[in-house]
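S.K.: Okay, here's what each chain looks like letter by letter:
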Amino acid sequence: MEAVFLVIATFCYCAGSVGYCIYLLRDREVIHRVSWAILFVGALFHGGAILLRSLSVGYLAVTSNQEALSFFAWVFVVTYLLIQLRLQLRILGSFVSPLAVVFMLLSRLLPTDIIPKSGVFQSGWVVLHVTTLFLANAVFALAFGVGIMYLLQERQIKHKNFGYFYSRLPSLERLDHINYICLIIGFPLMTAGLVTGFAYASFIWPSPWNWDPKEIFALVTWFIYAILLHERLAVGWRGRRAAWLAIFGFSAVLTTFLGVNLILKGHHTVFVR
Amino acid sequence: MCHIVLLGMNHKTAPVEIREQLALSCQQHVSPLHLLPHLPHVDEVFFLSTCNRVEFLFTCQDRRIAIQEVKALLQTHLGNLSGNLLDLHLYHYENLDAVRHLFRVSSSLDSMVVGEPQILGQIKAAYREATECHTVRVILNRLLHKTFSVAKRVRSETMIGSHAVSISYAAVELARKIFGELRDKRVLLVGAGEMAELAAEHFLAQGVRHMTVTNRTPERAFELARRFRADTMPFEHLVDGIRTMDIILTSTGSLEPILRYHDVKSRMRERRNRPLFFIDIAVPRDVEAKINDIDNVYVYDIDDLQGIIELNREDRKREAEKAEYIISEEIMKFQNWLTTLDVVPTIIAMREKAENIRLNELQRTFSQLPELSDKERQAIEVLTGAIVKKLLHDPIVFLKKKAKRESKQSFVDYTQQLFNLSDGNGMDS
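Each protein sequence line maps, in turn, to chains A and B. Numbering-wise, the first sequence is residues 1 to 273 according to the working numbering. Numbering-wise, the second sequence is residues 1 to 429 according to the working numbering.
If we strip away everything but chain A, and leave its shape as in the complex, we get:
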């Protein structure tokens, strides 16, 4: 049942993002609506799958790489769907939905690690830690997409060379503003996620800080966003630099989230020992 749901969700995400690619070429509102609806259906099935999985293991199913990626893809899609309702920036879907597909497919392709059940996961702290961090990451992923849109548009206006995207992309100020909103939503979430992580670590391990690669990278990422936020508020950094930093920041997020999990070994994988 769960597997079927996941297949349907993957299919929906692919279809939705193909829809958004068509929307990029053809400016018809109906294409956007259909794509949004398909993504929505996909998110429903995906959420169902995660729920079933979590019920069967007895805690939030985010412990293996595969589950974590899948859960992140779901949070990301839901975040997009909600933010889209609020922003009404339809073209955003064309830049964001392919990312969701990438995460989803990655989670489907990764080998299923067999992780024995452990009491460590059965804590509200884990749920809080993972949810806040993933939400932060999802918001930063949106900022990443918006940053790319900004750079595309800025380049055209600066170089006075107007291509196809000029008329399709919104104004620079709007994109920059969205970038900012993402930052002020994402940063507190990320901070909360890290704090809960350290707090929980101090319960189950002797020290909250264990020089684990994941911890180090997470802190680096946090600093990148802290700098961005600070410069924005204090100096008024905006525009191109802010867009670049949003892109750079999200690369750091990906490194922390995926790179460390897949390549370096740390106690996030040691958990189970």
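Check each hint, because a few of them may be wrong.
Stated by the list, open to error - Taking lysine-lysine and the BS3-like style, the derived pairs with C-alpha atoms no more than 30 Å apart in a straight line are:
(1) A:LYS160 with B:LYS317
(2) B:LYS290 with A:LYS158
(3) B:LYS124 with B:LYS152
(4) B:LYS389 with B:LYS408
(5) B:LYS265 with A:LYS160
(6) B:LYS146 with B:LYS71
(7) B:LYS152 with B:LYS317
(8) B:LYS146 with B:LYS333
(9) B:LYS290 with A:LYS160
(10) B:LYS317 with A:LYS158
(11) B:LYS400 with B:LYS353
(12) A:LYS158 with B:LYS265
(13) B:LYS146 with B:LYS124
Claimed, not checked - Label-pair ranges, simulated between beta-carbon atoms:
(14) B:LYS12 with A:ALA37: 50 to 58 Å
(15) A:ALA37 with B:GLU94: 56 to 64 Å
(16) B:SER407 with A:SER167: 51 to 59 Å
(17) A:ILE22 with B:GLU236: 50 to 58 Å
(18) A:ILE22 with B:SER254: 48 to 56 Å
(19) B:SER328 with A:ASP27: 26 to 34 Å
(20) A:SER167 with B:HIS134: 41 to 49 Å
Unchecked claim - Some but not every residue of chain B turned toward chain A, in silico, with C-beta under 8 Å:
(21) LYS177
(22) PHE179
(23) GLY180
Derived from the structure by calculation, the hints contain no laboratory data. Where a beta carbon is used, it is the ideal one built from N, C-alpha and C, also for glycine.
Use these hints to put chain B onto chain A, whose structure you have.
M.R.: Relative to chain A, chain B alone:
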């Protein structure tokens, strides 16, 4: 035979001074519409005056005399202008050409800024005035309503309104791509020439509320500021404007750049890097080109803007062709209606004659048969009415159908002879 004549001048045929003079004197003195009684050979009249055009549309039986009358009227309004000079600036269209011109004007194909949306509103306001003065009747009423629907069709079926078509329009569109909403943005006009004026109009149309004008000679700045309800600031403080302004449009005659790289660079931190957009339509340029290298600052000079317009030229041409096609189609429809108008007096005469006969005969019959009850009288009235109506139905349909033919006049003549109508031309509506 009724003629539709249009006399007018626009930005292409007359310099701004003459247009201004005419428009102004028409506003200050009596509206030309009130002068209809002084134009004995003009039947209906419609008058449109905007900053870019003055148009007189009227119908008449004898166009030669009517045109002379209208020209004489213009002459008195313009005062010192000699007749030759007036003829030089006036264009003159008749019948379907006049209709086409009116359709093109309302669809904004004839505007200085092709596709700009205000003109339709201006025509509607002028029409309202004309209806209040009762100077438009059957033909112009129909024509103007048609004009509104043509303009709407062109707007909805072509993209004529959505392409950047003039330098100032292109500049405003760019500003919208940088800033999005322009409502709360501050615009500084440096120099107060005609281009600055045009741009100011576009910015106002986009809802810009904070405009400031600065000029080397402050009088001109005051004048422009008054017209656009803008502020002024001393020309010497120009560089400080960089701190607070968002859009700076320069059009001075200065030979040296008036804004330099360091002026802007050093003030960007103070404005917290908020985007700054320079529109430099002066030649030689007022803003150093290097300023474009600063982050969040965009400089467009007149060539850059021209480039954008060139880019849209092909699209615009295609859309304009579509619009012209729609207009031709609508002219045909109007023409059809207009031609049936020629047979209308005959049809009315036919109906009147039949009705007269019917009433006379009824009176005779009723006086001979006084014993009829009211109900019976009513029945006889209905009966005779139906007979007359049915008898006339086929001739009327026949005439209307033939009205579209070249030879319609002979059909009208035959009908008049056949029914012995004394004067079918006595059209009086």
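S.K.: The structure should be examined with respect to each hint, and the outcome stated for every one.
M.R.: Going down the list of hints, with the structure as the test:
1. A:LYS160 with B:LYS317: holds, 22 Å
2. B:LYS290 with A:LYS158: holds, 12 Å
3. B:LYS124 with B:LYS152: Roughly 12 Å separates the two Cα atoms, so the pair holds.
4. B:LYS389 with B:LYS408: Between LYS389 of chain B and LYS408 of chain B the Cα gap is close to 23 Å, so the pair holds against 30 Å.
5. B:LYS265 with A:LYS160: holds, 21 Å
6. B:LYS146 with B:LYS71: This hinted pair holds, its Cα atoms lying about 27 Å apart.
7. B:LYS152 with B:LYS317: holds, 19 Å
8. B:LYS146 with B:LYS333: Satisfied, since the Cα-Cα distance of roughly 9 Å is no more than 30 Å.
9. B:LYS290 with A:LYS160: holds, 14 Å
10. B:LYS317 with A:LYS158: holds, 27 Å
11. B:LYS400 with B:LYS353: holds, 18 Å
12. A:LYS158 with B:LYS265: holds, 16 Å
13. B:LYS146 with B:LYS124: holds, 12 Å
14. B:LYS12 with A:ALA37: 50 to 58 Å: holds, 52 Å
15. A:ALA37 with B:GLU94: 56 to 64 Å: 58 Å Cβ-Cβ, so the 56 to 64 Å window holds.
16. B:SER407 with A:SER167: 51 to 59 Å: Given a distance of about 54 Å, which is inside 51 to 59 Å, the answer is holds.
17. A:ILE22 with B:GLU236: 50 to 58 Å: Given range 50 to 58 Å: holds, Cβ gap about 56 Å.
18. A:ILE22 with B:SER254: 48 to 56 Å: Given a distance of about 51 Å, which is inside 48 to 56 Å, the answer is holds.
19. B:SER328 with A:ASP27: 26 to 34 Å: holds, 29 Å
20. A:SER167 with B:HIS134: 41 to 49 Å: holds, 47 Å
21. LYS177: holds, 5 Å
22. PHE179: The hint holds - PHE179 of chain B has a Cβ within 8 Å of chain A, the shortest such distance being about 5 Å.
23. GLY180: The hint holds - GLY180 of chain B has a Cβ within 8 Å of chain A, the shortest such distance being about 4 Å.
Checked against the numbered hints above, the structure breaks none of them.
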